[in-house]
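2 protein chains.
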Amino acid sequence: MALKGNMLIGQSGGPTVVINQSLVGAILEAKKHKQIKNIYGALHGMSGILAEDFIDLRKEKTSDLEAIALTPASALGSARKKPTPDECTKVFEILRKHDIRYFFYIGGNDSAESANIINETAKKVGYELHCFHIPKTIDNDLRENDHTPGFASAAKFVACASMGDNLDSRALPGVKVNVIMGRHAGFLTAASALARVYPDDGPHLIYLPERAFSMDKFVADVERIYKKLGRCIIAVSEGIADESGVAIATKFSKEVDSHGNVQLSGTGALGDSLAQEIKARTKITRVRADTFGYLQRSFPGVYSENDMKEARTVGKLAVQFAVKKYNDGSVAIRRKAGKKYDVFFERIELKLVAKETRHVPDNFINKEGNDVTKAFIEYAKPIVGPLPVIGRFKGVKVKAKKK
Amino acid sequence: MALKGNMLIGQSGGPTVVINQSLVGAILEAKKHKQIKNIYGALHGMSGILAEDFIDLRKEKTSDLEAIALTPASALGSARKKPTPDECTKVFEILRKHDIRYFFYIGGNDSAESANIINETAKKVGYELHCFHIPKTIDNDLRENDHTPGFASAAKFVACASMGDNLDSRALPGVKVNVIMGRHAGFLTAASALARVYPDDGPHLIYLPERAFSMDKFVADVERIYKKLGRCIIAVSEGIADESGVAIATKFSKEVDSHGNVQLSGTGALGDSLAQEIKARTKITRVRADTFGYLQRSFPGVYSENDMKEARTVGKLAVQFAVKKYNDGSVAIRRKAGKKYDVFFERIELKLVAKETRHVPDNFINKEGNDVTKAFIEYAKPIVGPLPVIGRFKGVKVKAKKK
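Protein chains in written order, with this note's numbering: chain A, 574 to 976; chain B, 574 to 976.
I should point out that these hints are in silico values taken from the structure, not numbers from a laboratory. Take these hints with a grain of salt, some might be off.
Each pair may be met inside one copy or between any two copies, as identical chains are not told apart.
[Said to hold, decoys possible] As a list, the in silico DSS-like pairs of lysine-lysine whose alpha-carbon atoms are at most 25 Å apart:
#  : residue 1 : residue 2
1  : K947      : K912
2  : K697      : K655
3  : K632      : K975
4  : K898      : K801
5  : K898      : K577
6  : K663      : K970
7  : K663      : K924
8  : K610      : K970
9  : K655      : K924
10 : K697      : K972
11 : K976      : K610
12 : K670      : K974
13 : K924      : K909
14 : K967      : K697
Use the sequences and the hints to build the structure in full.
Given below as structure tokens:
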């Protein structure tokens, strides 16, 4: 039987709509195991650990926990902080002082890296720590996973927003640029393709960071579609970059976080500049841009049922794995073969999800680099689940009258 | 009994999530009356009428109509076009040719004005036309109405988006500017206040076009809140203007439509410039801006139940009024006195809703001009209806350990 001790859990990186499902899944599972004594939550991830800023999660009522599970964005607060070697030493003092033997960190690849650093340090000093990463990211860019908790709900938001925008643009035609989150991985932007119901539905063009972005080709693509349909909706990843790998948005923003990432979200600059280019280089007059922004990862009430369930499961399983079987690791979501959508979960090595990310595979991107393929739709559709029904008039024309 | 003849219906102005309820309400009601022979829909409002571009709405299946009723954005297409005197003459030739005796135009004050122009011309030439305006606008700025169809659903979207954004900002604190639709009337921006559940919830500052916007006061307000809470969420109308009435956004956009309106939506410029001002004038580093954009009026699946019902009713009643009792008018929503939310509907004169708009009344805005009052919340809450439940940890702190 594993060591008795206290548990500490934290949330890290960009919030999602289902990240609290993982948190609540872990808490409720932890309560079932005698090895786990106190259950603490670190406020604001690594920052809260370093500041010894913990709350007692055994003091929370189950009904409140269930409400929190349905509430978007990290209920414990988040942080974008990677511990330095000095800070790692400090983290240890704190874990030791509180007899933390079970440590869970919910987040993306940066968070897995932080967990991995702490885990390796624990091994080095011979401190028995059961250390698990719990996957979360709307970017869907964790390696080893078929998809990651948080992605499906954000994808549903993007698909619904794109559906609505397509309808709006049918009503009042023009060119519309929609900027979607995704720094290096275009999965979320690709999900805009799920909005298509009728053959002329947008988005008509989709640009991912996995393909070099050429402004000339972009403007030519837009003109071609506009000529054909009288309107054009474009979905573009915030992270699109030119042939040298320079993000188009970096021309307009210089802010950098502690992971070295430039600010791409929370500004409309990329969308506006793309719209300006279209206006300047074509004769199209009605050109608009929206940046879907933080709504993509935080909008309450718009979520994928699968995502909610899977997020809960990875939290629960991380605790089970840590208590019953493994000293460390992450929980990966794998898809079962077969036509009906189903998944299974596996414990994997921490280092396999840390740091590096995965990208949209080649077979999900069309040859021209301005759309996704049917293979992507088949991949993403069952993950996201049902979308709103979109009605349309058959539209039998009335003959014009001479007199 | 009123004259037998054909019916024409069109949609105009910015789409909403429930505008098709009014359309379907009118179509299904029209089918019940023998006076109405053919039921035509004009594609893209006034433009479709002038182009004689009609579809036969009797050819649509009821099940399709019901799907369309739940689908956002003008299913017939929209337009932002006021007929010129010459065009009015042309409209008449077309109405006469098709023996249109029942004309319905779904839209805001500009659309009511177009309907009024056509109606007055009909009277002048002695052509019997039953002409009704059916109210619609997310701006909630139609006179004579307690509120307008489309507002409650857009308000729900804004409230939900603000709830999510508040949670996101609690997780990763900073300053956040959210730009919300509303050119001259701040009702929709004010609706962001419905997002507040806990005492420290945002938005912490709300700026409406009804009050002169001062950049100095704005920055000082933001600094004060940030100092107190460590974060600050601001809701700001796209139409905020300085003391001379010059829209702050006009510095960044010059595009004008045929009603003389400057482009405020479909660009992130206003939010970005406000964020820049905060960054430049304070020491706050994490400052972000989102422009909720077209999603506010087109997002499928996020709607107010009341709004859906009321939008259906105004469409239905316009037809009843036109067939049974009146030659012209608009349908107004009035609120019944009493604690429980309830409404009734009245036929009013067309000119009463045309052209001029109403604004957020003084008692809905706080003295400092940076928030709404309790009176606004009491007004808006029942219109919008239930919002998502937001859970939060009680958060009992764990004592720091000495060793």
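Going through the hints against the structure:
| no. | hint | in the structure |
| --- | --- | --- |
| 1 | K947 x K912 | within (15 Å within a copy, 54 Å between copies) |
| 2 | K697 x K655 | within (19 Å within a copy, 76 Å between copies) |
| 3 | K632 x K975 | between (79 Å within a copy, 23 Å between copies) |
| 4 | K898 x K801 | neither (60 Å within a copy, 46 Å between copies) |
| 5 | K898 x K577 | within (14 Å within a copy, 81 Å between copies) |
| 6 | K663 x K970 | between (74 Å within a copy, 20 Å between copies) |
| 7 | K663 x K924 | within (22 Å within a copy, 73 Å between copies) |
| 8 | K610 x K970 | between (72 Å within a copy, 16 Å between copies) |
| 9 | K655 x K924 | within (15 Å within a copy, 64 Å between copies) |
| 10 | K697 x K972 | neither (83 Å within a copy, 28 Å between copies) |
| 11 | K976 x K610 | between (87 Å within a copy, 19 Å between copies) |
| 12 | K670 x K974 | between (88 Å within a copy, 7 Å between copies) |
| 13 | K924 x K909 | within (24 Å within a copy, 64 Å between copies) |
| 14 | K967 x K697 | neither (69 Å within a copy, 37 Å between copies) |
Checked against the numbered hints listed earlier, the structure breaks hints 4, 10, 14; every other hint is satisfied.
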